[in-house]
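Dock chain B against the given chain A, drawing on the hints supplied.
Chains A and B, in that order, give the protein sequences. If you count the first sequence from 1, position 29 lands on 29 in this note's numbering, and the numbers rise without skipping. Remember, this note's numbering sits 148 above the position in the second sequence when you count from 1.
It is worth saying that the hints were derived from the structure and are not from the lab. Note that CB positions come from ideal geometry on N, CA and C, so glycine has one too. Any given hint might turn out to be false.
To be verified - Listed below are several chain A residues computed to face chain B (Cβ distance under 10 Å; list not exhaustive): (1) A12; (2) A85; (3) T87; (4) G123; (5) P124.
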Amino acid sequence: MQMDKNSYKKYADARAKKSPCAKNCVCAFLFGGLICAIAQGLKELYMTFLKEDDAGTLVSVTLIFIAALLTGVGIFDRIAKHAGAGTLVPITGFSNAVASSALDAKGEGFVLGVGAKIFTIAGPVILYGITAGAIYGVIYYIVTLIMK
Amino acid sequence: MENLIRIPKPVYILSSASVVGQHEKNGPLGEYFDIVGDKDDTFGCDTWEKSESEMQRLALSRALNYACMKDTDLEAILAGDLLNQCAGSSYGLVSFETPFLGLFGACSTAAEALLLSSLLCSSHMTRCAAVSSSHNASAERQFRYPLEYGGQRAPTAQWTVTGSAAFISTSCKDDFAQAAHNGEPVPVITEAVIGKSIDAGITDANNMGAAMAPAAADTLLRYFRESGMQPSDFDIIMTGDLGFEGSSILCDLTATEGLDISAVHCDGGLIIYNRETQDKHAGGSGCGCSAVVLAAQALRGIRTGQIANMLFIGTGALMNPTAIQQGASIPGIAHLIRITADIV
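Chain A on its own, in the form it takes in the complex (with noise of 0.2 Å):
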């Protein structure tokens, strides 16, 4: 059977089924909303006892332990397949990706398998997210010193 790749792509690609765009879009918007009230209201209750900064510190620490906590009950990835980007985008989306990760390496010991293997897929986040940083630093360090 002849063919040319080119041509068959593009007939499999026109013709599979889209993910629901907008359908994914509103649930996005009303799971990550939902997700962003719930540490305002957090960050109101510890900022009675906290300063504004350790309070906003803390309610990270507590969204990162509930992703975990729904994440190790296999919880975690029913809410995300309605949610999407909504618990992705958030701090809960990254502590997903760690905890899972973790749990799925436990078989090849805490060494090689979660030591090796918890960043697998948050890994490429930390080393461009610490790298944006730091060249922002660089930025923000040169502009200062013109500024003056």
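Using the frame of chain A, we list chain B on its own:
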């Protein structure tokens, strides 16, 4: 060059056994599988890879049991799975005292193993076993994301079947005297076509159906060109795991070459789950998919007299995660065997 292999003497599928997980049990074929795992599909093991091996052990033990045979009665086991170095097979079958050949044909492995065992049984050997398996959890973690990772699946993505099946083939009619056999029709492998590795340029690992369909079309076209048969001569033409997307593409591709199979075509990936209620997107896939559907649906159909003549085309996407990351596309493969009903 002639591609159609006519098996020189009849090779009977003496017995078959299937082992599945919970999702498969809850599907339309649920009641026809021989063994169903525990509620977490662990099969009593502490890692998913061991669970998959255990499924192969259970499948072959049960098939031997149905055939009233011991492992030492077999001359060879041909087995494969999706795990690196075929770990599911090599660990799962280590307890059997039988010479072992490990195979990799991705999801086409069941057909590849049956094809080779029919060639062996009709020439240098008499009795062989063909085994294949896939486990959703071990496949997800090797090929995609961690199990608990919160991602969304594409509509064209397929769900790796947790399942394993074993088939005992023999060219000795006398074996039926011992086996649990009540004179019902028996499946015989009579013809085969070995698939070609065909790279149709698909790079999307979430659209395996599109990667496999051209290979299935190629094998079917070669078969019908050389055999002189028509699709209407068969009760069913069953592909392994093309799923919704691949099945439609296959019917399109063969139709453009003047071969209309749509009236008799069915696909293991489409019938193993309920598309409306089980949320499996484009259907099932994996080495276990075609194997358990063949054992629980098609061969049962032959034994009960509903099917007299069928084609089984095991379809595989020969995907390597490293090659995909390097920008390569996914070659597909499809091996064909013709199974007819015979009275022994």
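Structure-based check of all given hints:
{"no.": "1", "hint": "A12", "verdict": "4 Å, holds"}
{"no.": "2", "hint": "A85", "verdict": "9 Å, holds"}
{"no.": "3", "hint": "T87", "verdict": "6 Å, holds"}
{"no.": "4", "hint": "G123", "verdict": "13 Å, violated"}
{"no.": "5", "hint": "P124", "verdict": "13 Å, violated"}
Hint compliance for this structure: hints 4, 5 are not met, and every other hint is.
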